[in-house]
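Residue numbers (this note's numbering), protein chains in the order written: chain A, 1 to 101; chain P, 102 to 265.
Source of the hints: derived by calculation from the structure; they are not laboratory data. Where a beta carbon is used, it is the ideal one built from N, C-alpha and C, also for glycine. Keep in mind that the hints are not guaranteed to be accurate.
Stated by the list, open to error - To be clear about the criterion: a stretch of chain P counts as covered by chain A if any three or more of its residues have a C-beta under 8 angstroms from a C-beta of chain A, and this derived list gives those stretches:
id: 1; stretch: 206–219
id: 2; stretch: 251–261
Claimed, not checked - If the Cβ cut is set under 7 angstroms, some of the chain A residues that face chain P in the computed set are:
id: 3; residue: 9
id: 4; residue: 22
id: 5; residue: 36
id: 6; residue: 39
id: 7; residue: 52
id: 8; residue: 53
id: 9; residue: 71
id: 10; residue: 93
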Amino acid sequence: MGVPETHYVALSVVLFVIGVVGVLVRRNPLVIFMSIELMLNAANVALVAFGQRHGSAQGQVLVFFVMCVAAAEVAVGLAIIVSIFRVRRRLSVDELNLMRW
Amino acid sequence: MPILTFWILAMLAVLCAMGVVVRQNPIHGALFLVGNLASIAGLFLLARAEFLAAVQVIVYAGAIAVLFVFAIMVLIPGKEETGPDPYRPQRWLAVPLGGLLALEVALIGRSVLWATPSRGAAVDGTAQGVGRLLFTDYLFPFEVTSFLLLAAMVGVMTLTKRRA
Numbered sequence: 001m002g003v004p005e006t007h008y009v010a011l012s013v014v015l016f017v018i019g020v021v022g023v024l025v026r027r028n029p030l031v032i033f034m035s036i037e038l039m040l041n042a043a044n045v046a047l048v049a050f051g052q053r054h055g056s057a058q059g060q061v062l063v064f065f066v067m068c069v070a071a072a073e074v075a076v077g078l079a080i081i082v083s084i085f086r087v088r089r090r091l092s093v094d095e096l097n098l099m100r101w
Numbered sequence: 102m103p104i105l106t107f108w109i110l111a112m113l114a115v116l117c118a119m120g121v122v123v124r125q126n127p128i129h130g131a132l133f134l135v136g137n138l139a140s141i142a143g144l145f146l147l148a149r150a151e152f153l154a155a156v157q158v159i160v161y162a163g164a165i166a167v168l169f170v171f172a173i174m175v176l177i178p179g180k181e182e183t184g185p186d187p188y189r190p191q192r193w194l195a196v197p198l199g200g201l202l203a204l205e206v207a208l209i210g211r212s213v214l215w216a217t218p219s220r221g222a223a224v225d226g227t228a229q230g231v232g233r234l235l236f237t238d239y240l241f242p243f244e245v246t247s248f249l250l251l252a253a254m255v256g257v258m259t260l261t262k263r264r265a
């Protein structure tokens with residue numbers, strides 16, 4: 001009956017690692033943010049799977065909170081990127097080695 | 102039949118995730134991100150988390166993806182990762198290290214799954230079931246979330262305000 005939880009956890013591991021590699025490899029802060037979204041989503045998949053395993057909806061409530069935090073994080077992060085871009089006119093995280101301008 | 106649906110959606114999710122990382126143009130990346138989020142919404146449906154599937158589509162595909170596209174439009178399109186990469190060999194190290202991390206996380210996940218036997222109880226993933234839990238056991242975190250969203254909203258406004 002249904003898909004076993006191990007499948008969901010395996011998928012979430014793969015997605016999470018793709019997100020980690022994306023954060024490490026890319027230099028564009030926008031793509032890095034998208035990779036962070038990938039990681040958060042992978043965690044959501046794992047939470048739903050574990051909640052199914054325990055037979056309670058608490059995992060799904062946690063996913064709801066993760067989504068709220070992700071929305072807030074993306075809004076603030078993109079605002080920071082846009083305001084940095086206004087000053088620096090370049091879009092590469094390697095050049096952001098100063099804590100002031 | 103569910104297992105076949107799972108494999109199709111999982112393949113789609115993984116391919117779209119790789120597209121986000123591999124594509125040079127960030128607008129393609131945003132499109133792949135939407136594909137990934139949509140297939141994960143399908144997976145939530147498959148796992149009987151109907152409420153989460155709806156929230157996933159509304160919040161991620163509706164709000165976050167649009168936010169990304171707007172940010173890409175505001176920033177100069179196509180002008181990214183300019184100049185030669187001084188850390189290129191180090192960056193390729195990320196792929197084998199990622200494989201190692203995958204192995205580690207998979208082992209941890211497997212041990213956790215083995216430690217918790219399956220209850221076999223059906224989870225109520227409808228808006229009613231999740232909402233009841235949200236407004237009883239998790240009422241305080243729920244209220245804190247509203248405060249967090251307010252703080253993020255005010256923060257974004259102050260961050261993007263042009264200085265006189």
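We went through each hint and held it up to the structure:
Given as covered by chain A, the stretch 206–219 of chain P passes the check, having 8 residues with a CB less than 8 angstroms from a CB of that chain where 3 are the minimum. Look at the stretch 251–261 of chain P against chain A: 7 of its residues bring a Cβ nearer than 8 angstroms to a Cβ of that chain, three or more, so the hint holds. Hint on residue 9 (chain A) holds. Least Cβ distance to chain P is approximately 4 angstroms, under the 7 angstroms limit. A cut of 7 angstroms between beta carbons decides the hint on residue 22 (chain A): the least distance to chain P is about 4 angstroms, and the hint holds.
The closest approach between the C-beta of residue 36 (chain A) and any C-beta of chain P is roughly 11 angstroms, which is over the 7 angstroms cut-off, so the hint fails. The interface hint given for residue 39 (chain A) is violated, since its Cβ lies 10 angstroms from the closest Cβ of chain P, which is over the 7 angstroms cut-off. Proximity of residue 52 (chain A) to chain P holds as hinted, the smallest CB-CB distance being about 6 angstroms (cut-off 7 angstroms). Satisfaction of the interface hint for residue 53 (chain A) is found here, the shortest Cβ-Cβ separation to chain P being roughly 6 angstroms, below the 7 angstroms cut-off.
Among the interface hints, the one on residue 71 (chain A) holds; its C-beta lies about 6 angstroms from the nearest C-beta in chain P, closer than the 7 angstroms criterion. Using the Cβ-Cβ criterion of 7 angstroms, the hint placing residue 93 (chain A) at the interface with chain P is not satisfied: the shortest such distance is roughly 10 angstroms.
Comparing the model with each numbered hint stated earlier shows that hints 5, 6 and 10 do not hold.
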